[in-house]
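Colleague: Spelled out, the chains give:
There are 2 protein chains.
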Amino acid sequence: MPALSGLSGLSAFPITPSDADGRVDAGALQRLLEPLVAAGVDSIGLLGSTGTYAYLSRDERRRAVAIAREAVGGRVPLLVGIGALRTDEAIRLAQDARAAGADAGLLAPVSYTPLTEAEVEAHFAAVAEAGGLPLVLYDNPATTHFRFTPALIGRLARRPGIVAAKCAAPAPADAAAGVAALQAAVPAGFPIGFSGDWNATEALIAGGTAWYSVAGGLFPRTCRAIVRAVEAGDTDRARTLNAELEPLWTLFRTHSSLRVVYALADILGRCCAEPPRPIRPLPPEVVAEIAATVRRMPLS
Amino acid sequence: MPALSGLSGLSAFPITPSDADGRVDAGALQRLLEPLVAAGVDSIGLLGSTGTYAYLSRDERRRAVAIAREAVGGRVPLLVGIGALRTDEAIRLAQDARAAGADAGLLAPVSYTPLTEAEVEAHFAAVAEAGGLPLVLYDNPATTHFRFTPALIGRLARRPGIVAAKCAAPAPADAAAGVAALQAAVPAGFPIGFSGDWNATEALIAGGTAWYSVAGGLFPRTCRAIVRAVEAGDTDRARTLNAELEPLWTLFRTHSSLRVVYALADILGRCCAEPPRPIRPLPPEVVAEIAATVRRMPLS
Numbered sequence: 402m403p404a405l406s407g408l409s410g411l412s413a414f415p416i417t418p419s420d421a422d423g424r425v426d427a428g429a430l431q432r433l434l435e436p437l438v439a440a441g442v443d444s445i446g447l448l449g450s451t452g453t454y455a456y457l458s459r460d461e462r463r464r465a466v467a468i469a470r471e472a473v474g475g476r477v478p479l480l481v482g483i484g485a486l487r488t489d490e491a492i493r494l495a496q497d498a499r500a501a502g503a504d505a506g507l508l509a510p511v512s513y514t515p516l517t518e519a520e521v522e523a524h525f526a527a528v529a530e531a532g533g534l535p536l537v538l539y540d541n542p543a544t545t546h547f548r549f550t551p552a553l554i555g556r557l558a559r560r561p562g563i564v565a566a567k568c569a570a571p572a573p574a575d576a577a578a579g580v581a582a583l584q585a586a587v588p589a590g591f592p593i594g595f596s597g598d599w600n601a602t603e604a605l606i607a608g609g610t611a612w613y614s615v616a617g618g619l620f621p622r623t624c625r626a627i628v629r630a631v632e633a634g635d636t637d638r639a640r641t642l643n644a645e646l647e648p649l650w651t652l653f654r655t656h657s658s659l660r661v662v663y664a665l666a667d668i669l670g671r672c673c674a675e676p677p678r679p680i681r682p683l684p685p686e687v688v689a690e691i692a693a694t695v696r697r698m699p700l701s
Numbered sequence: 402m403p404a405l406s407g408l409s410g411l412s413a414f415p416i417t418p419s420d421a422d423g424r425v426d427a428g429a430l431q432r433l434l435e436p437l438v439a440a441g442v443d444s445i446g447l448l449g450s451t452g453t454y455a456y457l458s459r460d461e462r463r464r465a466v467a468i469a470r471e472a473v474g475g476r477v478p479l480l481v482g483i484g485a486l487r488t489d490e491a492i493r494l495a496q497d498a499r500a501a502g503a504d505a506g507l508l509a510p511v512s513y514t515p516l517t518e519a520e521v522e523a524h525f526a527a528v529a530e531a532g533g534l535p536l537v538l539y540d541n542p543a544t545t546h547f548r549f550t551p552a553l554i555g556r557l558a559r560r561p562g563i564v565a566a567k568c569a570a571p572a573p574a575d576a577a578a579g580v581a582a583l584q585a586a587v588p589a590g591f592p593i594g595f596s597g598d599w600n601a602t603e604a605l606i607a608g609g610t611a612w613y614s615v616a617g618g619l620f621p622r623t624c625r626a627i628v629r630a631v632e633a634g635d636t637d638r639a640r641t642l643n644a645e646l647e648p649l650w651t652l653f654r655t656h657s658s659l660r661v662v663y664a665l666a667d668i669l670g671r672c673c674a675e676p677p678r679p680i681r682p683l684p685p686e687v688v689a690e691i692a693a694t695v696r697r698m699p700l701s
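Residue numbers (the working numbering), protein chains in the order written: chain S, 402 to 701; chain D, 402 to 701.
The set of hints was computed from the structure by calculation and includes no laboratory data. Nothing false has been slipped in among the hints.
With the Cβ distance kept under 7 Å, some of the chain D side facing chain S (calculated, not the full set):
1. Y456
2. L486
3. R487
4. T488
5. Y513
6. T514
7. H524
8. P677
9. R678
10. P679
11. I680
12. R681
Quick caveat: nothing in here was measured; it's all calculated off a predicted structure. Ideal Cβ positions, reconstructed from N, Cα and C, are used throughout, including at glycine.
Could you put the whole structure together from the sequences, leaning on the hints where they help?
Modeller: Set out below in structure tokens:
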């Protein structure tokens, strides 16, 4: 199955440029995707949280997958965000994504009313069964406000159709214990990768199989070099490369990675989209600080 | 303006019965609304969090307002939830609600990407300006994960079109200080009411203008008696009546008020709807506990 090749290594999560009415800009999305394919990322995480999936209509999400499929042309696996507040809607989005050429779905437990563990488990089981698309469990407590326990991830990892997990990387001091606790909960070989760029390198060194990366959506070569260093067992080099990115991680932590990469896409001349309102572009003085910071950094 | 009469006293928040596909059950909604009108509640909070607004389509939300408007017939002001992740969608929902006969909109800062204060302020200003509907600021950090400061509520209270605030009631020990801090932040006379049923009585005694009540959606007379006791200055009686409801508040705190009132609507023979998936009905043993508990209580 093509998707399985995309569940390790570097997964790049680009923004989804859209206009004020929420219509996806096909040309701008293609311009963001082409460098990722050229850099040889291991997968593309389309319509992730950074890809503002929660803010786009079903039609536009379907369009985004079709645009990406055409741009990528099967050269890189496409993981596609299919999360929704309603279970039936998430099933429809999985079916749409599959029909439009996605290799796997990224399913986060989007919530308004706080959900129980049993509700999340039944939701994932229903989407895995009816959606027809292999699923990556998408743990993002900062946006969903649901916190997976290792035990729940372990139960879901044993469900047919759930093929990997994307978890929030623990703080570096807790990386070894945190990654080990997750790995102990799932069947041997079940891929667990991590997001949260500033903590990802230590999570990879601790045994994470993939880096689901916001920075990788704009700087695929730089991020891939860290992944390749870990894969080669050169942890010193991985840590050195990661330390060089600390000014970017500071910007992400201070202003949020989503808002920073919108500014960066413009600074780099890729596209000048704004995030969906009510999310707003960063003010000019912050954009100037971002531009000055990245100009001094070894990013590509 | 009719809405202004509904910004004090008891505001009753019923569930919105819908089928598995998210279609609102008109007959069931009317059966829930009629006793509220008959009991003389001061307003109805349609499509609140308990009314699962976040889980219903734009069409169904418009239908729910039209159904309620017909059932209520102008006898009670209708406050209608118009929150949405996107600013343009919230504006459309406000316009829909106004056209369908709402007296005011309830606007919560629904989020996926965590929002900044400036983003929430601009979102509220845009919806107040373009929506054409007086707005009640709807603070519900348990679902939106945004926490209003008194200062932000104070700034929004000075915006044209924002006519009241519905805040989460502080814990009883903090009621006096919490209510005073909010009142100090807004212009004199700006109505601040409270939700969080088990804390509402003390917030009313501390000067809150309204109780936005989940229990009031099923037991309007019982809840109205507490409001009337506070209005009459009889705080002893208000506290005694509230203490009698403690077993219900315990159920709300333990199983969530939304899930409990779905079970209660069935137990009382009003309707047998289930909440939108992934939210699930409570298990039979909890429903039995709820039935046994309310049978012993003075609820009407």
